[in-house]
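Top to bottom, those sequences are chains C, W, G and A.
All residue numbers for the first sequence refer to the numbering used here, where the first residue is 1270 and numbers rise by one.
All residue numbers for the second sequence refer to the numbering used here, where the first residue is 1270 and numbers rise by one.
All residue numbers for the third sequence refer to the numbering used here, where the first residue is 1270 and numbers rise by one.
All residue numbers for the fourth sequence refer to the numbering used here, where the first residue is 1270 and numbers rise by one.
No lab work stands behind these hints: they were computed from the structure.
Any given hint could turn out to be false.
Calculated pairs, DSS-like style, for lysine-lysine (alpha carbon to alpha carbon, straight line, at most 25 Å) [unchecked claim]:
no.: 1; chain 1: G; residue 1: K1474; chain 2: G; residue 2: K1598
no.: 2; chain 1: W; residue 1: K1474; chain 2: W; residue 2: K1584
no.: 3; chain 1: G; residue 1: K1335; chain 2: G; residue 2: K1318
no.: 4; chain 1: A; residue 1: K1335; chain 2: W; residue 2: K1335
no.: 5; chain 1: C; residue 1: K1335; chain 2: G; residue 2: K1335
no.: 6; chain 1: A; residue 1: K1308; chain 2: A; residue 2: K1318
Okay, the calculated beta carbon distance ranges per label pair [to be verified]:
no.: 7; chain 1: C; residue 1: G1542; chain 2: A; residue 2: D1445; range: 38 to 44 Å
no.: 8; chain 1: G; residue 1: G1460; chain 2: A; residue 2: V1434; range: 29 to 35 Å
no.: 9; chain 1: A; residue 1: L1392; chain 2: C; residue 2: T1306; range: 55 to 61 Å
no.: 10; chain 1: A; residue 1: G1460; chain 2: G; residue 2: D1445; range: 48 to 54 Å
no.: 11; chain 1: C; residue 1: E1333; chain 2: G; residue 2: I1350; range: 25 to 31 Å
no.: 12; chain 1: A; residue 1: I1350; chain 2: G; residue 2: L1550; range: 52 to 58 Å
no.: 13; chain 1: W; residue 1: I1548; chain 2: C; residue 2: K1335; range: 45 to 51 Å
Only a predicted model underlies this, so the values are computations on that prediction, with no experimental measurement involved.
Note that CB positions come from ideal geometry on N, CA and C, so glycine has one too.
Number of protein chains: 4
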Amino acid sequence: MSHNTFGHLFRVTTWGESHGPALGCVVDGCPPGIRFTLKDIQDELDKRKPGQSRFVTQRREPDEVKVLSGVITDEDGETLISTGTPISMMIENVDQRSKDYGEIARQYRPGHADYAYDVKYGLRDHRGGGRSSARETASRVAAGAIARKIVPGLVVRGALVSMGVKSIDRANWDWDFIGSAENPFFTPDAGSVQVFADYLDGIRKSGSSVGAVIEIVAEGVPAGLGAPIYAKLDQDIASNLMSINAVKGVEIGNGFEAARISGEENADEMRMGNDGQPIFLSNNAGGILGGISTGQDVIARFAVKPTSSILTPRKSIDKDGKDVDVMTKGRHDPCVGIRAVPIGEAMVACAIADHYLRHRGQTGR
Amino acid sequence: MSHNTFGHLFRVTTWGESHGPALGCVVDGCPPGIRFTLKDIQDELDKRKPGQSRFVTQRREPDEVKVLSGVITDEDGETLISTGTPISMMIENVDQRSKDYGEIARQYRPGHADYAYDVKYGLRDHRGGGRSSARETASRVAAGAIARKIVPGLVVRGALVSMGVKSIDRANWDWDFIGSAENPFFTPDAGSVQVFADYLDGIRKSGSSVGAVIEIVAEGVPAGLGAPIYAKLDQDIASNLMSINAVKGVEIGNGFEAARISGEENADEMRMGNDGQPIFLSNNAGGILGGISTGQDVIARFAVKPTSSILTPRKSIDKDGKDVDVMTKGRHDPCVGIRAVPIGEAMVACAIADHYLRHRGQTGR
Amino acid sequence: MSHNTFGHLFRVTTWGESHGPALGCVVDGCPPGIRFTLKDIQDELDKRKPGQSRFVTQRREPDEVKVLSGVITDEDGETLISTGTPISMMIENVDQRSKDYGEIARQYRPGHADYAYDVKYGLRDHRGGGRSSARETASRVAAGAIARKIVPGLVVRGALVSMGVKSIDRANWDWDFIGSAENPFFTPDAGSVQVFADYLDGIRKSGSSVGAVIEIVAEGVPAGLGAPIYAKLDQDIASNLMSINAVKGVEIGNGFEAARISGEENADEMRMGNDGQPIFLSNNAGGILGGISTGQDVIARFAVKPTSSILTPRKSIDKDGKDVDVMTKGRHDPCVGIRAVPIGEAMVACAIADHYLRHRGQTGR
Amino acid sequence: MSHNTFGHLFRVTTWGESHGPALGCVVDGCPPGIRFTLKDIQDELDKRKPGQSRFVTQRREPDEVKVLSGVITDEDGETLISTGTPISMMIENVDQRSKDYGEIARQYRPGHADYAYDVKYGLRDHRGGGRSSARETASRVAAGAIARKIVPGLVVRGALVSMGVKSIDRANWDWDFIGSAENPFFTPDAGSVQVFADYLDGIRKSGSSVGAVIEIVAEGVPAGLGAPIYAKLDQDIASNLMSINAVKGVEIGNGFEAARISGEENADEMRMGNDGQPIFLSNNAGGILGGISTGQDVIARFAVKPTSSILTPRKSIDKDGKDVDVMTKGRHDPCVGIRAVPIGEAMVACAIADHYLRHRGQTGR
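Using the sequences plus the hints, can you model the full thing?
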């Protein structure tokens, strides 16, 4: 990954800030003949607006994606077919009114990248979050929608498994519940909805915020993707997830828990299945051994920090080096981690698609 | 990171297996005029043989590094000066006797990459761990020794902060204790030595193994390194650390803890210092905001799983698809995480050196 | 250079076909604080419509560029200032009416990439030239307009030095004449205009076509850019120029002539100048020795083949494997090489800007 | 291509100077299961010592290659089989005695990279040619020997087609003659040997030097390799050839000649062959259309300048900025282009192998 491009054969370059006229991405290296519809992409994008609930700040943006290149339209007039050339996708920013940023433009909000931007670049676009805006993630989700089509049989799904100090009960895990209209949290545990709702209402009313942990599961990943120590599949998944805003930690399989248990408990035993395929008796490894997929589900988790945009005044400094107290005004998003679920799915899908092509390139399989 | 090369301007390509004639790396992109000695590199390599203790398998290998290119020798006859061309370093494997691998060559050891290698490549070098061998990490440490010289004032140090279910007391943190002769664990807490020793003796005697968590702290990282969302400094550190064998999780700053606490608690407040430099009142961010270093200490942690080479028989299969029970014979290393400390330091140093050059390239600062 | 991205620190990714809704590029890695106007870019783009002459097919396309990201607007309301984040530029295709391609869509035009596309991808967008369209080069020119701003004092200019069997008289070289309204050919020799005009009229009337040789001269290139054998400045210039459609050869300095003359004649002698800077007594090397710029003018030439779209029937086959005779209908461009001048300038400017940043990254100078 | 690595999936990183202890390369991304012998590589390396003739400076170096990693040995004890991990190859420099470079170390030889190195890096290894040494090309030839094995049916051969003002008669082209013991020039025209010998004797005796043009022909290149405008096969071949020392120009197919002839003459017509494969009636395109191979022979030519190491004093300056006259002493090589033939073959083979894997990655074919 370098600059604003990630992936080696399936390559995604994203561009755009929240307050410019548009943002988008270029997907380069997509195989020819991949079929998808605008709706496939739009459905993924719409997942980023879960539940129309009171728990997520409502943007007015339609987030309507346009495909500008790299495809021809099939005879049905709807299906797009990739030609093997770069696929450019764009989402226009409908509402670019610059609100009055006034003094906030000169203040460094604690926990935000304001200060780091200024030190690095010497100037910045103080409108919205610049490149760090949550809107940028739409590009990732659009690219991920195409990545999902490349590996036959691949299914990548995500779930919120904890929010602040509250966690789901894994015994209740139900993938089907995630898309439910009564589920504003991407939780796979129906029993957790009320718990999360009450908890987050309290957070919201107190003007505070809270983080979350997201789990991504990829089924149908062929064995053999990745490489022993560099270009490990888990490494590239970790890199992709760490590139998401506000992510502070990544785990593969049982992750940090592996450091606490014994070698006997941790190593996944194998037996031969009736179909001539090996069966793993557990999946602590998260589907990856020595950097290479084993055919088990690939499992990754990542931690999203609480947003620093809170209603409590916080100590900071401004551009002139003066001490100031900074407070976010207006609506705020008490748990930005909720939205991170489809983004995490997209980033994992992109990593797997890239390694699928790389493996095919090196081995012909 | 692609294939066996990592870094963008400070680029490291490693090669070699544990049972070939040698292993090594090529460091490309090193600035000209960097001064170092063979001893600088050797000292780092020797850190991987801590304490000559009973807790770490003793190799007979001297791990003596040779510098084959990319330097001239200063008039003192000892100091090497980089010329700006690729620096090739090699470590010969003195003891290449192939022991009798016999049936183990046909069996897939649970928790090892044996099966994944065979599925990916269709063949493998069954002697030792192939590329996944711990010996490969010598290349990283050698490259890291040069990376440390590139950023003026940079100090990168690591410590083992937990082993299995035992953790250090952070109140006792003492960097100077880590190099002490009485410290076979890279622990910064003198009080933990006896605890770890007793614990690991039990693990070793029972033929079991245990994992560890390592913390790396980089001081003297200039503010401004990294980029907002891709090529984030934390992302590249995470990628580098995840490329180390047996690593299953990575955190930056307070990491997964950030997902549990509130926005007020998590965001690091700022005040103006007397020297005209900002002071952060805490460092939950681990020295990185929005992917860019802030000038605070950069802090990362990673989890190393317990080795799967244990003396207890484990269920597995062999190449012919037959069910077998696999048991590691001979000596084993009860906690491979101990050795991971200097490797983690090296990988963080390489990431920082690379971003230092990239930042200088883009901004001229 | 990989896929549709070129450059290492100053990176350009282009996308778009001639018959889609738009085309464009993403410029990644631009230093922050670079100042330019839309007019700067548009002026370069307009150079690709030289002279409104009868010698160049007239498109109706305005080729109006939009800058979608990566800049803020200065207080004058016109000057754009790069922020250091990706600069996305887009040019909409006004006229996308698909004319009736009918049988031509099934025929392989000799000398075109039709057959190669079908073999590679198994399908193609038969409207226009796909990615090989001359319109794609607008992206390069737009990126080049920014590249020109990065290296202080850099001036990159190009000239057509031969067309088919006709060549300029170098004794008459006058850079100022190139922009003249009476010069539809980018020739630096006023005396050649009538010669080229008569020659090309003949070519055009006979339904034939002819190639050209273009020379690019970069003044103000600092000494020290490039690298000894890979990442040579001349190599990256050659690669960039060879990526232009229809280019079949590239030379640096005296190029192929160097293979014909003796070592004494070829090596450029040096003397010390009064200003303490070395003076080269000739410039056969084209400003590059051992892959590294010397401070002399950097000089490159490239050969553009005659377009294969001619009015004479030519033998070919179609998708069904039947022998056919193919003839281009309608207007055609008798010398596509004319338009290649500003494209060549842009590609050389991009290579130099990239190496300027890379050199600064490695050496700090 | 970046720094000292070239290729995208078949990646070669070279290291080493002429006067260090060794030089070599790391071949990364080689498919597993590729079979070759040390002799395969050594035979290619030995081609660089053609004819033991008086026309080429004799090094005492055996240039014996060692393969240090990435292979297992087959049961025959000789055949090496790639494992898919990095293949490290090394050639030790037997004779490292540093002769007395004395004043030459402070003088800038005209036409050499001495001055450019000093400006770029601020220091250099003045022994031998540093990275620009002809010895470095051994690494390329070794890598090329492996590249040749990757594409089934690929044959890459080269020939010297002109030397100074003398050219071969193409009517006499005989590939088999090139390996003949009576052929010290890699010429495919037996009739040219005496002409070249007399010509070069004159050059040698006068203490002068002369350049050459080399042609590389690759047979058995599958149709479909490359990409439309960036990552064009011809572009990457050009880049690879331009990375060779002393190369000043590159052509594909008829190259610069294409700029002189008409569109009718230039475009290669097609007819359907009896075997269901298209037949091209000519090959002006050099086997590449729109950046993609067509299945015809791929043809490239490159121009090598005369060495600047000549026995005639030449004007120059030294490090202190003083005017000096520089003269090479001792033996010299009157036509370095002769040795460039196997190097050119290797670089073309590497480009084709890389694109073969990339094409397979993207399309699965």
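Broken hints, by number: The structure conflicts with hint 7 only, although it agrees with all the remaining ones.
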